[in-house]
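*Asks:* One-letter residues, chain by chain:
Number of protein chains: 2
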Amino acid sequence: MNTILSNNIVEVRKLVKEQKKEGHKIALVPTMGALHAGHASLIKKAKEIADFVVVSVFVNPIQFGPNEDFDKYPRNMDKDKKLCEELGVNVIFAPSPKEMYGENSSLNNNELTYVCPPYNVVDCLCGKSRVGHFDGVATVVMKLFNIVQPDFACFGQKDAQQLFIIKKMVKDLNLDIEIVPCPIVREEDGLALSSRNAYLSEQERQQAISISKSLFYIKGLFERGISDVSILFDSAISVLDKNLNLEYLEFRNYSNFEKVNNASEGTLVAIAVKDGNTRLIDNVIL
Amino acid sequence: MNTILSNNIVEVRKLVKEQKKEGHKIALVPTMGALHAGHASLIKKAKEIADFVVVSVFVNPIQFGPNEDFDKYPRNMDKDKKLCEELGVNVIFAPSPKEMYGENSSLNNNELTYVCPPYNVVDCLCGKSRVGHFDGVATVVMKLFNIVQPDFACFGQKDAQQLFIIKKMVKDLNLDIEIVPCPIVREEDGLALSSRNAYLSEQERQQAISISKSLFYIKGLFERGISDVSILFDSAISVLDKNLNLEYLEFRNYSNFEKVNNASEGTLVAIAVKDGNTRLIDNVIL
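Line by line, the protein sequences are chains A and B. According to the numbering used here, the first sequence is numbered sequentially starting from 1. According to the numbering used here, the second sequence is numbered sequentially starting from 1.
Be aware that one or more of the hints could be misleading.
If several chains are the same, the list does not tell them apart, and a pair holds so long as it fits within one copy or across any two.
[To be verified] Heads up, simulated SDA-like pairs for lysine to any residue below, C-alpha to C-alpha not over 20 angstroms straight-line:
no., residue 1, residue 2
1, 21, 151
2, 14, 151
3, 98, 170
4, 158, 256
5, 167, 183
6, 259, 129
7, 167, 120
8, 167, 106
9, 259, 109
10, 98, 167
11, 167, 101
12, 171, 106
13, 213, 187
14, 21, 231
15, 14, 24
16, 47, 223
These are computed hints drawn from the structure, not numbers from a lab.
Using the sequences plus the hints, can you model the full thing?
*Replies:* Here it is as structure tokens:
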């Protein structure tokens, strides 16, 4: 299987158009590279539902805050390419920032057209500490959608807020694309896979186990009939490693993103912690 | 020629897709209805360059301010349909606000995903008095683009700032659409055609002639070698009817929208006035 690696928008568009002419269905898997088994599961899903799979690898500068890890975010194209080849990916689209954002002297909203998701779903959870993050995400995903024009796009459930925002964007802006959510992939001990896990020291890695543990603990209590959020919250905190710095642990209605006081089936339980210097997120749907 | 009138997104998408399968090129002419000869020129251009022409007729609530003329904006579907039939339009897409914006309880950026053009080109000229206007324009045009998925979209040069913003959106968000600008159509006495001209009393209509006169006066002076903007500005003001209320008269580089002190070929000269209660705009490119 020959995987084409392209960093050129015009070329990728041409490759996709040839496939569309044949009546083939296109799936896009947007990534920031440093691919792991979580990404692999997205790619496998994409292969299942479409004839032609494009994986984008782009560490998007406009979704990182000034004090975040844009520069040190892991990049390993050789390894990524090998995995994509093994999985039968048709095209890897790995543009430079210049290819994506051109010659604009700044990449802020003074000079660039942005896609801005609604405040109600942006100004909470990860959006609270990562100001502007989801504008950057929505904007780059819109760009990727317009470049690749896929029939399907696969996103991981791990970034639950991102997934919600992308689905909302597709609905609000009438994009003709089906968003395919894919389940979180976990290590054997429960830790959700993330490219940022690579940052963890041995001790931090050990502490991180308690993140998913706290979520599963909530899930277990809920299944035994406890739905009061304050009880569920306190119980989860008691499970969480004391060395982790809790940013949020919230219960939200996953159809409208509103906070709930009583959990019910379908409630999103989302958590973010700082483990040393590394910010980690996870979630479960009850 | 049978012009199909549809208020349904799914139906319009289906009609366009059938045409695309045949290899036909699609042109979209976005309008707010109350069609006049200016719109007719856009439609004729669209017919020239494409095989299948969609005219959208939608008075877009989110581009009107709370004290603007959304309610009284002229609507006349029978007349619009007749003109479209005469011009050989294939589809009129005339959705309801509910078809476009669904069941959202509010249409502001707390609940809705918006497309936000860069501040630099929004926070000036019409955008200064019409706060939020261009976010509403960019958002609805993005929606129409995604619904119709045209190869071409025709916009009038009369709304010069809008045209600039749409072209910038297409570039920044990698839309695969060619924006086709069309020249301003004028009455015999020079007044730029606008659906809002219908609001004018006889006296106001008479006063309005001086708007284009002032622009042509500038153009004449420039062609005779005067490029100093303060001189051109003052001369134009002397031509403008004293009963008009000047909102702005500005000289801008039309490739980056920056203000210029010296006019040169390609400089945009844009004017907005209040004529009684009616806001009118016009422009020339030197």
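*Asks:* For each hint, tell me whether it holds in the structure or not.
*Replies:* Outcome of the hint check:
1. Proximity of residue 21 to residue 151 under the C-alpha cut-off of 20 angstroms is found in both arrangements, the shortest distances being 13 angstroms within a copy and 16 angstroms between copies.
2. In the homo-oligomer, the alpha carbons of residue 14 and residue 151 lie at most 20 angstroms apart both inside one protomer (16 angstroms) and across protomers (15 angstroms), since each shortest distance falls under that limit.
3. Taking the shortest Cα distances, residue 98 and residue 170 sit within 20 angstroms of each other only across copies (17 angstroms), while inside one copy they are farther apart (26 angstroms).
4. Taking the closest pair of Cα atoms, residue 158 and residue 256 come within 20 angstroms of each other only inside a single copy of the chain (18 angstroms); across copies the shortest separation is 41 angstroms, beyond that limit.
5. Only within a single protomer do residue 167 and residue 183 lie at most 20 angstroms apart by alpha-carbon distance; the minimum there is 16 angstroms, versus 39 angstroms between protomers.
6. Proximity of residue 259 and residue 129 under a CA criterion of 20 angstroms is satisfied intra-copy only: 18 angstroms inside one chain copy versus 37 angstroms between copies.
7. When the C-alpha separation of residue 167 and residue 120 is checked against a cutoff of 20 angstroms, the pair qualifies only within one copy, where the shortest distance is 14 angstroms, while the shortest distance between copies is 29 angstroms.
8. Proximity of residue 167 to residue 106 under the C-alpha cut-off of 20 angstroms is restricted to the inter-copy arrangement: shortest distance 19 angstroms between copies versus 28 angstroms within a copy.
9. For the identical chains of this complex, residue 259 and residue 109 are inter-copy neighbours only, at 19 angstroms across copies versus 30 angstroms inside a copy, given an alpha-carbon limit of 20 angstroms.
10. Proximity of residue 98 to residue 167 under the C-alpha cut-off of 20 angstroms is restricted to the inter-copy arrangement: shortest distance 19 angstroms between copies versus 27 angstroms within a copy.
11. In the homo-oligomer, the alpha carbons of residue 167 and residue 101 lie at most 20 angstroms apart only across protomers (15 angstroms), although the nearest pairing inside one protomer, at 24 angstroms, exceeds that limit.
12. Taking the closest pair of Cα atoms, residue 171 and residue 106 come within 20 angstroms of each other only across two copies (15 angstroms); inside a single copy the shortest separation is 30 angstroms, beyond that limit.
13. In this assembly of identical chains, residue 213 and residue 187 lie within 20 angstroms of each other by CA distance solely inside one copy; the values are 12 angstroms within and 73 angstroms between copies.
14. For the identical chains of this complex, residue 21 and residue 231 are neighbours neither inside a copy (56 angstroms) nor across copies (57 angstroms), given an alpha-carbon limit of 20 angstroms.
15. Taking CA atoms no more than 20 angstroms apart as the test, residue 14 paired with residue 24 passes in both settings, with 14 angstroms inside one copy and 18 angstroms between copies.
16. For the homomeric pair residue 47 and residue 223, neither the shortest alpha-carbon distance inside one copy (34 angstroms) nor that between copies (62 angstroms) is at most 20 angstroms.
In this structure, the hints that do not hold are numbers 14, 16, in rising order.
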